[in-house]
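One-letter residues, chain by chain:
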Amino acid sequence: MKRAIAAFALAIALALPLVAQSFDPRKKYEVTFGVYGDLERAYREVLSGPDFKSKYPNITFKFQTADMNGHHNRLATIIAAGEAANDIEAVEIRFISNLVESGGLTDLGAKPFNGRVVGKDLVKFAMSNATTTRGKLVAMPVDIAPAVLFYRKDLADAAKVNLDSLKSWDEYIEAGKKLTLDRDGDGKKDQFAITHPGDVGVIPLNGGNGGWFEDGKPLEPKQKFLDVLDLVLKIRRAGIDADLGAWTPAWTQALKDGKVATMPLGSWFGGALKTWIAPESKGKWRVAYLPGKLYAAVGGTYLAIPAKVSAARKAAAWEVIKYLATSPVAQLAVFRSIDAFPALTTVYSDKVMDEGVEYFGGQKVRKIYADVALHIPESPVSEYDNVVLSIWMRAVSTVVFGKKSPEVLYEEARKKILATVE
Amino acid sequence: MRVSRGKGRMPYLFIAPFFALFAVFGVFPIGYSVLMSLFNWKMSGPVEFIGLGNYVNVLTVDPFFLSAVLNTLVLLLTGSLLQHFIALPLAIVVNSRFVKGKEFFKTAYFLPYITSTVAVAIIFANLFDTNYGLFNWALGAFGIEPVAWLADPVGIKVALSAVLNWKYVGWNMVIYLAALQSIPAELYEAVEMDGAGTIRKHLAITLPHLMPVVFFAVSLSIIGGMQIFEEPFVLTGGYENMGGEGNSGLTAAFYLMFTAFKAGRLGKASAIAWIIFVVILLLNRVNRLATDRMPGGGD
Chain V
1 MKRAIAAFAL AIALALPLVA QSFDPRKKYE VTFGVYGDLE RAYREVLSGP
51 DFKSKYPNIT FKFQTADMNG HHNRLATIIA AGEAANDIEA VEIRFISNLV
101 ESGGLTDLGA KPFNGRVVGK DLVKFAMSNA TTTRGKLVAM PVDIAPAVLF
151 YRKDLADAAK VNLDSLKSWD EYIEAGKKLT LDRDGDGKKD QFAITHPGDV
201 GVIPLNGGNG GWFEDGKPLE PKQKFLDVLD LVLKIRRAGI DADLGAWTPA
251 WTQALKDGKV ATMPLGSWFG GALKTWIAPE SKGKWRVAYL PGKLYAAVGG
301 TYLAIPAKVS AARKAAAWEV IKYLATSPVA QLAVFRSIDA FPALTTVYSD
351 KVMDEGVEYF GGQKVRKIYA DVALHIPESP VSEYDNVVLS IWMRAVSTVV
401 FGKKSPEVLY EEARKKILAT VE
Chain X
1 MRVSRGKGRM PYLFIAPFFA LFAVFGVFPI GYSVLMSLFN WKMSGPVEFI
51 GLGNYVNVLT VDPFFLSAVL NTLVLLLTGS LLQHFIALPL AIVVNSRFVK
101 GKEFFKTAYF LPYITSTVAV AIIFANLFDT NYGLFNWALG AFGIEPVAWL
151 ADPVGIKVAL SAVLNWKYVG WNMVIYLAAL QSIPAELYEA VEMDGAGTIR
201 KHLAITLPHL MPVVFFAVSL SIIGGMQIFE EPFVLTGGYE NMGGEGNSGL
251 TAAFYLMFTA FKAGRLGKAS AIAWIIFVVI LLLNRVNRLA TDRMPGGGD
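Protein chains in written order, with this note's numbering: chain V, 1 to 422; chain X, 1 to 299.
Derived CB-CB ranges, DEER-like:
#1 V/164 / X/49: 56 to 64 Å
#2 X/119 / V/185: 34 to 42 Å
#3 X/290 / V/62: 53 to 61 Å
#4 V/185 / X/140: 18 to 26 Å
#5 V/257 / X/49: 53 to 61 Å
#6 V/246 / X/30: 34 to 42 Å
#7 V/68 / X/107: 29 to 37 Å
#8 V/276 / X/115: 20 to 28 Å
#9 V/336 / X/116: 28 to 36 Å
#10 V/419 / X/111: 42 to 50 Å
#11 X/115 / V/168: 47 to 55 Å
Quick caveat, the hints were computed from the structure, so don't treat them as lab data.
Idealized CB from N, CA, C, for every residue including glycine.
Could you put the whole structure together from the sequences, leaning on the hints where they help?
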C-alpha cells in the first residue's frame, strides 16, 4: 500500500510541470523572447517602461533577435525537432500559416489562457488567421498592417487626378496614365504611377493572407484570381509601371526622387517613407483607401508560446503576451516606436488616431488605417498557404510579359499547387 | 599482461572524442534524415510512415524538383565547372616566373571567395538591374537594348553563372597554384631542351601532374555546385519568387530549403536531400572515370 501511495505521489510530482500553472507575482521570471527586425527595440522600450514595471516587477527578459527569414527558419527547425524554444516567439503574418497547423504551438484559446476572451477587442481577421481548422488559437496578434494607397499629392495635383476616392482599379489605371510622364522631355518616360504591376498581385487577395482555398480547392473562386492576373496585365499594358524590383536601390531611389507617384502597401510603409526612404519628402505624400475601398492587410506580427515551454514559464509568457496585445499603453507605445499599427481595436478611438501626421501633410491617416483594419474580412489560412503564395507570385510575374494568358497561367498555377500539396 | 592490454586501448581512447562527436553530430543526423525521408513528416504533429512515398512523389509528381535538378546541372556546367577552364590558366600565369607580386594576385583572386555570399549576390543584383544596372549601361553604350537579366530565364542563369565564376575562380586558382608549385622545375627544363613550346610544355608536364588535383577540385565543385542555395536565393528574391522567371534560378538545394522551411515538409525535404546526394555520387563517379582517362589520371 505504501508503495502504491509512493508511486502515486511520484506520478503526481512528475505530472505537475505538465499541468497548467498560474502566474505567481512573488516569483522571479526571466522570459526568453525570440523576435525579428525592429521588434526587440520596440519591446524593450515598452517592457522597461513604468507601466509594465509597475504591473510586473518580477519579470525580466532575454531577447534573441535575427532577421525575418533567419528567425522563422530557426523557429521552424526547433519546432520540427521538438526542441525547447524561447518562451515567446514572434511570428510574422506570412509565416503564420506554416505554423498554425503545425501543432508545435500552445493553444492560447484553451484554459487557463482563454485567449479568445482576452483578445475580444483584437481585430477579428487577425484572430481568425491565427486559428487552426480545428479551432485552436495558436498566437495572438499584436500589430497589423492595413493596406492603403500611398501617393504623392504634389504629383497627383500636377496631373489633375484625384486619388482619394478611386472607385475601381480601372479608375486607378486611368489616373495612372495621367501620372506617367516624360518630365525632362527626352522622349523617355521618367515618372510612373507604380513601381511594378506585381505590386497588386496579392493585395486584392486578402494581401496574400489566407483565402487561397475554397472547399479544399486551390485558387477558387476562379474569377477572383483571374481578375487579379488581368489587373496585373492591364497595368503593364497601360505602360504606367516603372518595372522596378521591390526593395532594390533603384526602387527606393525612384520613390525618394518622386519618380513613382503611388504605392499600394501596408501601413508600415508610411514609417519606412518617413524614416529612411524619403524623409525629405515631408508633406508630399498622402494616404488613400485602395481603389474600390478594398480591405486587406499586408504585414503584421503575432506572438506565440511554443508547446514545449514548461507550464510555469508559459504562465509568465502569457502575462507578457496579454500585456503587449491588449494593453492600450503597450499597443500605442509600439506604434509610436516602430509604426506597427495596433491590433487592439479599443485604441482606435484614442486621440492619437485623430491627430494629423506631419509627414502626410497633417492628414489624419490613422483614421484610414483604423477603418481599413476594422473591415478586413476574415479569411481561413491553411498549412499550404506559403507554397500557394510562391506559386501564385510566379504566375503574377509571368503574366506581366504577356506571353501566356491569365487563363493559361491560372491553370498552370492550379496544377502545380495540386501536385505540390498532394 | 594487464599493462599491455591497457596500452592497447590507449590509441582508441585518444581518438574516441572525435568519433563520439562525429557519431552525435554526423552519423546520427544522417541516419535520422533517412528515417525522416520515409515518413510524411511535417513541422510538428503526428508522423505517418509512407515508405518510399516521398521519393516517388519527388521523382514523379512534384512539379518543381526535376526542373530544379536540371537548373542545377546547367549551373554546374556554366558556373561551377567552367571556372576550372579559367582558374587553371590563371594559376599557370600567376605561377610564371615573369609575374611579380604573386602574393598580391593570390589575395586579390581569393578575396571573392571569403566575401559574404549575400553581399555578393546583392551587389550582382544591382549590377544586373534592368534599368539602372552597370551591365545594361555598358551594353547601352554600344546601342544594345537593356536586357532584363533577372526577369528572363536565360538571363537569370547568365547572372548566376557570372556570380559563381567570379566567386569561386580564386579558390580553384589557389588550389591549382599550390599543385603547380610542387611540380619539379627540372621536368620543364627537360622538355624545353627537347624544344617544346609553352603550350606543349603544359600539355606534357603540367596537366598530367595536375590530374589528381583536377579530380579533387572538380569533385569539390560538383559537391558545392549541386548545393548552390544562397546565390540564387538572394539574386532571385527569396522563397516567394521560387527562383524567378520560369523558376530558372530554382536549384535543387533551393527547392530542398523551400520544401523544408517554407512548405514545412521535412520528410519530403529529407528525400530530396538523399536524391541530391545520389546525384552527387554519380557525378563524382563520372568525374573519376573522365579524369582516369586523361594523361596522368588514375595514377
